[in-house]
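Keeping their order, the protein sequence lines are chains A and B.
Okay, so the first sequence: first residue is 1 according to full-length UniProt numbering, each after it adds one.
Okay, so the second sequence: first residue is 1 according to full-length UniProt numbering, each after it adds one.
Just so you know, nobody snuck in bad clues.
A pair holds if it fits inside one copy or across any two, identical chains being indistinguishable in the list.
With a Cα cut of at most 35 angstroms, we get these calculated DSBU-like pairs of lysine-lysine:
no.: 1; residue 1: K293; residue 2: K270
no.: 2; residue 1: K274; residue 2: K293
no.: 3; residue 1: K274; residue 2: K301
Calculated from the structure, these hints are not laboratory results.
Protein chains: 2
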Amino acid sequence: MKDIELNIPTYDDMLAAHVRIAPHIHRTPVLTSSFLNELSGAQLYFKCENFQKAGAFKVRGASNAVFGLSEAEAASGVCTHSSGNHALSLSYAAGRRGIPCNVVMPRTAPQAKKDAVRGYGGIITECEPSTSSREAVFAEVQAATGGDFVHPYNDPRVIAGQGTCSREFMEQTDGLDMVVAPIGGGGMISGTCLTLSTLAPEVQVIAAEPEQADDAYRSFKAGHIIADDAPETVADGLKVPLKDLTWHFVSNHVSDILTASEDEIVEAMKLIWKRMKIVMEPSSAVPLATILKNRDRFAGKRVGLIITGGNVDLDRLPWTKGA
Amino acid sequence: MKDIELNIPTYDDMLAAHVRIAPHIHRTPVLTSSFLNELSGAQLYFKCENFQKAGAFKVRGASNAVFGLSEAEAASGVCTHSSGNHALSLSYAAGRRGIPCNVVMPRTAPQAKKDAVRGYGGIITECEPSTSSREAVFAEVQAATGGDFVHPYNDPRVIAGQGTCSREFMEQTDGLDMVVAPIGGGGMISGTCLTLSTLAPEVQVIAAEPEQADDAYRSFKAGHIIADDAPETVADGLKVPLKDLTWHFVSNHVSDILTASEDEIVEAMKLIWKRMKIVMEPSSAVPLATILKNRDRFAGKRVGLIITGGNVDLDRLPWTKGA
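Hey, can you work out the whole structure from these sequences and the hints?
Here it is as structure tokens:
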């Protein structure tokens with residue numbers, strides 16, 4: 001019954017999104033590393049959304065929402081709340097369309113992300129770093145501006161947009177056995193499920209989550225959404241809880257959820273920087289951390305990893321913090 | 001008269017090098033950044049040798065030397081002195097051929113580079129961080145091992161190898177007005193001149209150098225080699241002086257040498273990390289630093305920049321030093 005009430009995006013929505021957003025996004029490269037292949041015993045393929053416009057995959061969903069608005073809808077602009085990359089991406093997309101974008105961000109969000117949101121023309125209102133404060137402050141902002149609410153992940157337009165990433169990924173590889181993506185609110189994972197369940201249903205979708213923000217893992221095991229208020233993790237993009245739309249995809253299509261400790265995440269991040277010479281966020285290192293931790297499970301497989309973003313505060317890297 | 005005594009590599013040597021090293025190197029990608037284009041007013045193309053095998057362009061010249069040896073010559077292995085990337089690259093190439101590689105490195109070289117040399121199987125002997133100490137210690141090592149000396153830059157095999165980079169660069173772009181590359185000992189610049197003077201003589205070759213290690217700049221102005229002992233700069237790959245072979249190319253084919261301060265180099269490096277999401281060395285940031293400093297000269301031009309390497313010590317980034 002619940003599914004009927006939900007506005008679940010379809011494979012065709014994803015295809016339409018890809019056409020709509022193509023002029024505004026990069027088809028990001030897929031990189032490999034012989035060192036990391038040897039270390040993991042698997043054949044790893046990294047889809048580098050850190051090279052994406054606005055520095056993260058979230059520009060896919062945000063652009064789909066912004067460019068799908070009618071002229072009348074677009075007049076009042078858009079608004080959202082976000083721990084960072086969605087704010088950036090929505091500001092970028094709104095800027096390309098020439099409409100206003102209001103964003104509510106935790107005051108603790110990395111300064112680099114706040115600066116970048118403002119750089120794209122976004123207007124920031126700060127909240128406390130908890131889900132409850134974020135939602136309260138956002139209600140005020142939305143009432144004041146009348147902008148179209150583009151939720152960072154619990155929005156069918158956003159999920160359809162994120163799904164375009166896996167479509168490219170499959171085109172860029174000779175087939176994969178599994179795709180591992182980080183899970184926070186579940187937008188990327190849901191888009192991945194949406195696309196692969198039709199395009200390549202043989203590919204397992206595995207979500208990777210910080211131990212210290214493992215609400216999706218516990219939800220998956222319990223069979224219903226468990227939401228934490230203000231979990232703490234270096235993977236600051238993954239602190240938000242699942243919502244009904246993303247829970248639909250997680251509960252129906254995800255094969256498993258694996259977790260990694262803070263140290264394992266930072267170690268994996270540093271390994272990627274050092275060996276692949278790319279700048280990416282702590283959140284994006286969780287998939288590799290879980291793969292290295294569960295070596296037997298991935299050995300000999302063709303594994304796709306989604307490097308979700310590259311917007312890191314270079315003055316506050318996790319391994320130099322307090323140095 | 002002097003030219004006749006020198007063993008100057010030819011365009012055909014570069015072509016032969018490219019065939020010889022192709023199985024051992026990456027054809028590295030060329031990246032662009034709309035942000036940096038806007039900032040500079042130029043059309044910038046970045047040839048990303050930070051993604052190269054062993055993390056730097058130097059694997060081109062080192063592989064050409066190692067794989068050009070006869071079986072008899074190869075038996076005693078190879079040896080060299082290097083501030084880092086050449087040591088790494090020669091160790092990598094020697095490892096691929098299965099012959100020993102002895103390297104003399106300054107004890108102050110980044111730990112990450114020493115670890116990586118050992119990781120490829122290279123045997124390190126440390127010296128003091130001065131040209132004079134390096135050469136004295138090396139003489140001992142060479143006498144003891146009998147290995148073939150592969151100089152980091154003053155070697156025709158090495159220069160021919162480095163020249164393969166610009167050949168790819170021209171194939172990967174629709175033409176360039178200038179190529180800007182860092183200059184230390186002059187190996188990359190010489191290879192660039194070797195290739196472009198035949199392949200695309202209309203392209204200006206400009207060398208970029210740290211103000212604090214500007215011996216090439218002063219040599220260029222004076223018309224003869226000026227060598228400093230132990231200059232200090234964050235661009236640790238660029239501390240070594242020109243030698244007769246590289247001076248041949250610099251004095252005959254380089255259009256100009258531009259310099260940048262330490263702050264300008266670190267600022268340019270951080271800008272590339274932040275905006276392009278790639279990990280590269282301070283040395284590789286000198287070209288962008290000089291372009292941003294001489295905006296009028298480059299505005300409106302198609303400018304190729306060579307990102308020479310990505311082997312940076314992530315625990316000691318120049319903007320967090322002492323933090």
